[in-house]
Every structure is written in structure tokens, then in C-alpha cells.
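Peer 1: Please arrange chains B and C on chain A, whose structure you already have, making use of the hints.
Each chain is listed here by its residues.
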Amino acid sequence: MAADVKPFIGSKASPHQESEAEELRKEHLMLDPMPRDEMNQMVMEAMTTTTRKWWAWVIGLGLAVAVLLFGAWGYMIATGMGVAGIRRPVFWGIFIVTFVFWIGISHAGTFVSAILRVFKAEFRRPFTRAAELMTTFGLAAGALYPLIHLGRVWVFYWMVPYPNARWLWPNFRSALVWDFLAITTYLLSSTIYLFLPLIPDMAMARDRSSGWRHFIYKLLALGWRGTEAEWFRLRKAISIFAYAIIPVMFSVHTIVSWDFAVSTVSGWQSSIFGPYFIIGAILSGVSAVVTILYILRSTMKNMDYFIRKEHFDALGKLILVFSMAWAYFFFNEYILSWYGGDAAVKQVLTLHATGPSAWVWYTMLICNVAIPWLFLWNKKVRRTPWLMFIITLLVNVGMYAERYTIIPLTLGHQRNPFDWGIYNPTIIEVSIALGTLCLFIFLYLIASRFIPLVPVWEVQEGQMSHTLRKVGKTEIPSVTELE
Amino acid sequence: MTELLAKEAHDEKWGMVIDLDICSGCQACVTACSMENNIPFVGEDEMAYGRGMQWMRIRRYWEGEYPEVTPDYQPMLCQQCGSAPCEPVCPVFATLHSEVEKINLQVYNRCIGTRYCANNCPYHARTFNWFDYEIPAPMNSYLNPDVTVRRRGVMEKCTFCVQRIVKGRQQASAEGREIEDGDITPACAQACPTDAITFGNLSDPESRVSKMVRSDRAYKELENLGTEPRVTYLKGGKSYGG
Amino acid sequence: METNVRMILFKEDQIDQASDAIETLHHHGISDKDISVISGVPFSEKILGRPMSWTRVPQIAVAGALFGFIIAMLLNFLVPNLYKLSVGGMPLTPIPTSIVVTFELTMLGLLISTFLGVFIEMLSPSFGPKGYHPKISDGYIGILFNCPTHADEDTCFELQDLGAEIVDLAEVKQP
Chain A
1 MAADVKPFIG SKASPHQESE AEELRKEHLM LDPMPRDEMN QMVMEAMTTT
51 TRKWWAWVIG LGLAVAVLLF GAWGYMIATG MGVAGIRRPV FWGIFIVTFV
101 FWIGISHAGT FVSAILRVFK AEFRRPFTRA AELMTTFGLA AGALYPLIHL
151 GRVWVFYWMV PYPNARWLWP NFRSALVWDF LAITTYLLSS TIYLFLPLIP
201 DMAMARDRSS GWRHFIYKLL ALGWRGTEAE WFRLRKAISI FAYAIIPVMF
251 SVHTIVSWDF AVSTVSGWQS SIFGPYFIIG AILSGVSAVV TILYILRSTM
301 KNMDYFIRKE HFDALGKLIL VFSMAWAYFF FNEYILSWYG GDAAVKQVLT
351 LHATGPSAWV WYTMLICNVA IPWLFLWNKK VRRTPWLMFI ITLLVNVGMY
401 AERYTIIPLT LGHQRNPFDW GIYNPTIIEV SIALGTLCLF IFLYLIASRF
451 IPLVPVWEVQ EGQMSHTLRK VGKTEIPSVT ELE
Chain B
1 MTELLAKEAH DEKWGMVIDL DICSGCQACV TACSMENNIP FVGEDEMAYG
51 RGMQWMRIRR YWEGEYPEVT PDYQPMLCQQ CGSAPCEPVC PVFATLHSEV
101 EKINLQVYNR CIGTRYCANN CPYHARTFNW FDYEIPAPMN SYLNPDVTVR
151 RRGVMEKCTF CVQRIVKGRQ QASAEGREIE DGDITPACAQ ACPTDAITFG
201 NLSDPESRVS KMVRSDRAYK ELENLGTEPR VTYLKGGKSY GG
Chain C
1 METNVRMILF KEDQIDQASD AIETLHHHGI SDKDISVISG VPFSEKILGR
51 PMSWTRVPQI AVAGALFGFI IAMLLNFLVP NLYKLSVGGM PLTPIPTSIV
101 VTFELTMLGL LISTFLGVFI EMLSPSFGPK GYHPKISDGY IGILFNCPTH
151 ADEDTCFELQ DLGAEIVDLA EVKQP
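So the sequences go chain by chain: A, B and C. Under our numbering, the first residue of the first sequence is numbered 1, with each subsequent residue one higher. Under our numbering, the first residue of the second sequence is numbered 1, with each subsequent residue one higher. Under our numbering, the first residue of the third sequence is numbered 1, with each subsequent residue one higher.
Some clues are possibly wrong.
[Said to hold, decoys possible] In silico BS3-like links for lysine-lysine, alpha-carbon gap of 30 Å or less: (1) A/LYS346 <-> A/LYS120; (2) A/LYS470 <-> C/LYS11; (3) C/LYS84 <-> B/LYS13; (4) A/LYS301 <-> A/LYS380; (5) C/LYS33 <-> A/LYS218; (6) A/LYS218 <-> C/LYS84; (7) B/LYS167 <-> B/LYS220; (8) C/LYS135 <-> A/LYS301; (9) B/LYS167 <-> B/LYS13; (10) B/LYS167 <-> C/LYS84; (11) C/LYS46 <-> A/LYS120; (12) A/LYS218 <-> C/LYS130; (13) B/LYS102 <-> C/LYS84.
Hint data in this document are derived by calculation from the structure and do not stem from the laboratory.
Just chain A, with the same shape it has in the complex (with noise of 0.2 Å):
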């Protein structure tokens, strides 16, 4: 059955046209069929698998995230923020460009999974899970610098809305409180968007493993069968949250974009943050999505089969896109603030162009605007898996640079000259930014040996949909609605 297109809706393809449909085949998952017991198999075993080269990154980055991100922020709490180069006028540094940056990764999964699910774009269906855990991940990274950064991270509850002794409540007003509300709703949100979908893989999992793991699955699946009036329930669930989680998706990166714009900071003002951000956020996030596709594909077994050159060349017209939106996005930001004459704006922008740290923002045009434009248009630089790996790598270097001429680079270069400062960051911040890059690794790596990391039942749902249909003298790919 699985050299065979879908018997139950196709038919029989005649033997002149077999060369062509396996052509077709080889290309798209979707048109790939494989019988369902071994395509669990294949996710059982990939997720099973555990190396030797594996225990020892796991044991490594957990060391990693320990000394690194955790070491060196207890010493900063005990010892105080002045650990890390912030300093007047820079009051934020190298936490919140990685916060920012985080948020902006963590778009990548709601991107894929819910704008794509929503226009149901069917080369989204083995990776959507892949890039929701990034999503949560990314988060559960970027979630951690609002309490890093703070100078008394032992009274952070103090945000928290709730009735207390000191009778006083958080200030609704302010743009930091939108922020914890929204990364809350947006970290709840987006993990039980994970977890929705997981059910039925859960109760794969659970089908075929005994011991401790069956144990966890069978807790998870919550009593999964796989009854009509389940998958109604789940089908119902996941629509709500594919098109609700959107506008949050959205809300989430505006906001994180208004603890700058709300302020008085000049080059900071600017009402077109909003939607920059988001542009930028989904850059930095598919394009990770493609840096992680390809470490699964080459370190993972059986991940060759449902990761395929089609979906680096599709996720790649998509970071082409976005690379032409953002960089639409920064004109306008640039242009008009630099039109508007405002002494101190252009004296930031200048500063941006010609002072002291003006590779970060050649970098940043090098790497989010250059780079794409010149490779993305060809097909086969797209459909090299290693060479998008670089590309996309290069894209996020190119947006941590972004955010970090944002942020301290703006910041000192103010109104008054005598206030002018440089901020350098000390190696207390580089680890602790580097500890959460080891912390997201981590849970990612453990992640992907406890859960499927490929949605089974949704490939083969969008395999029993495709089909190729005759046409002419030609076979095509054509696609029936299930639902």
C-alpha cells in the first residue's frame, strides 16, 4: 500500500505515469503514504533512541544551564544587579534584548501552527509540533528575564494581581504589568495549544510502551479512544484555539514592543513598533523553526521521512517575505522619525549608523535584509537544508542585533550629551544569556525524547487527503477536505 497513491479516494495510476508520480512522491510527504503502524513505529523509535552523544549534550547543557544561567544569577542576586554593566543611562541591557528576543522566537510556533492551520496550509503538518514546543520553550526562556532583571527578584509576586496584606494592588496603568499578563496568558495558552493536539499521540505513545513511560502517557492521554464525539471535542478545542491564540500571539509581541514605545525615550516613541515587532518576531521565529527542522532531520531517526526539502523551501519563501516586510517595517520606522528633525532622534539615529557600535546595526541590515534577499529567491539554496540552517542561524543573529540597537544603543544616546553613555556588557549577562540559550536546548532535547515530536494522526489525515488526480495528460497533486 505505500508505493500505491490512496486507493480509497484515487485511483490507480496507469504504469506510464508511475515515473512521473514517484517523482511526486519523493517530494511530498503528503503523497507519501505509510501504513500508520509504521509511521508510529518510526516516531516510537526516534523518540525512544537515546545515544550516547545525546546523554552527554543532555549532561552538558544541563551543566551548562546549572553553572551558566543559574550560577550566575544566584551570585547576582546575592551580590546585587551591579554585577552586570547596565549602568545610567543604559538601565536595561543584554536581559532585555534576550527577552525580546526569546518572546520573538516563541512566535514561530502559534505562527506555524495556528496562522497556517487556519489557511490550512498543509505543508505545516509535521512540524507543527516541533515548532509549538519552541513556542513554549522559547517562552519558558524569555518568561525567566522579567524576574532576571529585576533588582529584588525575591518580591516579584508584587506584580502579581491578588488581594495581600500590603494592600496594594499592581498599577494597571503600567506597560509592564500588560506584559506579565499577556506572556502569562500566552505561556498558558500556548501549552495547552501543545498539549491539545498531543492527546492522540499520547495515546499512541501509550499503546505501544509499557513501564514508567506508559505510565505518564496513559496519564496524559486522559482516557483517549479515539470516539467520534472525542475527536469532535478535540477538532472543536483546537479551532478555537488556532483562531483565538492568534490575536494573543499578536498582543504578546505589540506589548513587549510598548514597554519601549509607551516611553518618553527618544527613538523609542515610535506608533509603528507594534507591527515591526511582530514582523520581526515572526522572522526570528520561522526562521528558527527552520534552524531546529534541521537539527531533528540530521540527528534524529526517521525524521528524514516527514522532514523534507519541500518544507525548507516552503518555510523559506515565508522567511523571504518576512525579511521583505521587516525590512519595509524599519524603513518606515527610520524614515519617518529621521524626517520628523527631532534633534535627539536623529542624533540616535546617527549614532545607530556612524558611533562606536554601529557594526550591530550593519550586522543587523546584513543579516536580516541582505542575506535573505540574495539567497532566498533561488530555489535550490532553499531546498539545501544545510545552507537554510545557516541562512536562518544568520536571520537570528540579525535580530538579536535588531534588538539590541533598540535597546541599549538607544538608550544611551539620549537628550543630553552629558548623559551620553556606552554599555558593555559583562560576562555575568553574556552567561546568563547564554544559560537560557542552554536552558531552551535542554528542555528541547529532553522534550524530544518524551513526547512525539511529530503530529502522527495529522500527517496521516493530510495523507489520506492527498491524492494525485489526472489531469490532461499529467498527474497532480490535489487535495480533498475531510473535515
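Peer 2: Only chains B and C this time, still in chain A's reference frame:
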């Protein structure tokens, strides 16, 4: 309670006028402020790195082309804005507007150290406790009991010597009279050798500050931002060095 | 009337046969409420010729959204009045900032209650014959039905002709 206080201190709106034409940049105000408000010393290196804790700083600019340069001093402190950018951004109400004195308060024990207010202050008037600073002996004996000391991780800034305002009000109330112009002098104004700093009630049109605010030489720092600063600078002719 | 819980399995590509089997069961006087279909991939009711399933998840979600909205209103307009603190020349309860809080909390209420709805419905007792077989997650379509004992054999033979795999009674168990 708040209403009662407001009644007692009817129409208080404290303001300051600094005459830049007679300011010599001697830093006596900076020193006096540090002593009055228990501001710790951070040491030479930290100071140079931009972590000085002084609530009042003398901004020094050079005017003219080398070698024809003249120094230009501007004492910079919290402007006690009527519409302060630092206030609404604080998630925990650690900085807020006082209804009584009409100044900008900083509540140290509410502060969780987001430093958002400091970024958002166009005057860079706020300082942050980067570490727990020890005040070395014998200076620790000079600590002012009227002012709390601050621990690491909280923001602080000029308070217009609110402790002196409260004391002055209590004194006047004990003597059964209204606060008079000149009753209250913050440490900086008291220490200024050229009397460049004047402090008083802006809601009283006859007070010295109110009269000075109406001067032709008066300007407010970054007034175009709409922050409604309560500090007015006077600058006209050039008579540097007092 | 005594009944047995029977389970038959069809391969994932035998969807037409599965829907025929359901029709056969109807002919034998087994009503829809005595049949449940379980599968490893979702099939719509129309494909199988079954009545619509129902769920209360959307209603629960809307109720949750309403709850979030009310909480947001309290936080926006009641809470600041408990301890009046003025900041930056802003009114005590400004509308523009309240919209942000309202949006986030309404969405939080909506999304969490959607999940709670799924969670509660999953744990609540379900209608129809119970039973499960691990082959379901291999993509098989399972039809569970309450079969009257006297008609047992006839029905089974007829279903076997359609290509169904009859699961031994002892193997039909809960997951």
C-alpha cells in the same frame, strides 16, 4: 486621612528655582544632599562608570571653541514633574504622585527594581542601588535618622527633602500658623554658597520662587515633553563663576 | 434482552466498508446509540453516516471568556478605587489602558476554559458501548456495538463478509 492632610497643608505645590547665572558649579549642593539623604559613596571606579548615587549632579558643558571655552554648569535633580513619565510605568506603584506636596514620591520598600522609571526619565535623575553600599566609619555616624537607608536593587532619587517639608509643616502647625515662605529649605539650597537655589511654594503667588518663575530668564528643562517640571532654571547673561 | 459488547476493526483504507458495516448494524436493529466508532484519525459523521456528535466546549469557552472579562473589569475599574494612587497625571481608571488588560484577561479566560472544557468532558462518562483496542492508534477504524446475544452469530458473519476483523470479546478492554 489623605484628605485631612491635604486640608492641613492646603495648596502646597513645592518648587525650586536654580539661577544658573550665579551657579559656580562648586558641588556644595551635591555634598549637602548626600549627607542629608544618606546617599552612599560608591567609590571612584563605580562613579567613573556611571553608577554614582548622587541625587543631584552638576552637568558640566563647555561652550565655545577651544581654546576659547567657558564651562557651563547645570545642577540636575529630579524635576518633580507634574506629569511624570516615571510614574505610570512602574508596575508596583513604587513611584507616584503625592497629593499633598505635589511632588514625585519614591517608595523604596515597594520598589522591585525594574528600572523602567530610570529609563523613562528624560532627565536621568534617578539612581539605582547596584549593590548594598556600606557607609564607612566614621561617616556612618552621620546618618540622618529622618531618612531611610536603601538596600540593593531599589531605585531612588531626589525627594525635595520631603522630610524637611514634613518637619516644617509640623513646626508651623505646632505654632498654630501657616507655613511661611522660607520656612523650608532643602539641603542643597541651604548649602549653596551663592544662593543660586531657591525653594518654596509655587501655589503662593507671592512666594520668592513664584516671583522668580515669572522672570524673563526662566526656562524649564525639556519643557516640550509636557512633563511639567517643578524646577525652573534661570539663565540669561553670562557671569560664570559667580 | 441480553447483549454483548462486540468490536470489529477495519483497516484505515476500508472506510467505505466501515460505513457499510454501520448500515448493516442499523438493519439488524442496532440503533446509533448502541454503536460507537473509534478511530486513529478523525472522520466526520457524514463520512460514516452517523448522527452529529455534540460537545459543550464552545459554551464553556464563552463562559470562561465572560468570567475573564468580569475579572478584568474589576481589576480595571474597582481595584484602583480601593487605594487611590495617582500617577503621571493620568486618570485613576483610564479607558485606553483598561482595554489592554481586558483583552488579555478575556482571552486567558477563553483559552483556559476551552482546555478545562476538554478536560472535563474527557473525564466525564461517555455514551455508547465502551471498549478499546491498541490497533486503533495504528490507524484502524473500530466499531463497537451492543449486539443482542441471539443475533450475535448472524451479524458477525455478515460483517466478516464486508472485510471486518472481529475482535475477541476478551480483547476488548479499556485503554
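Peer 1: Go through the numbered hints given earlier and state which of them the structure violates, listing their numbers in rising order.
Peer 2: 1, 6
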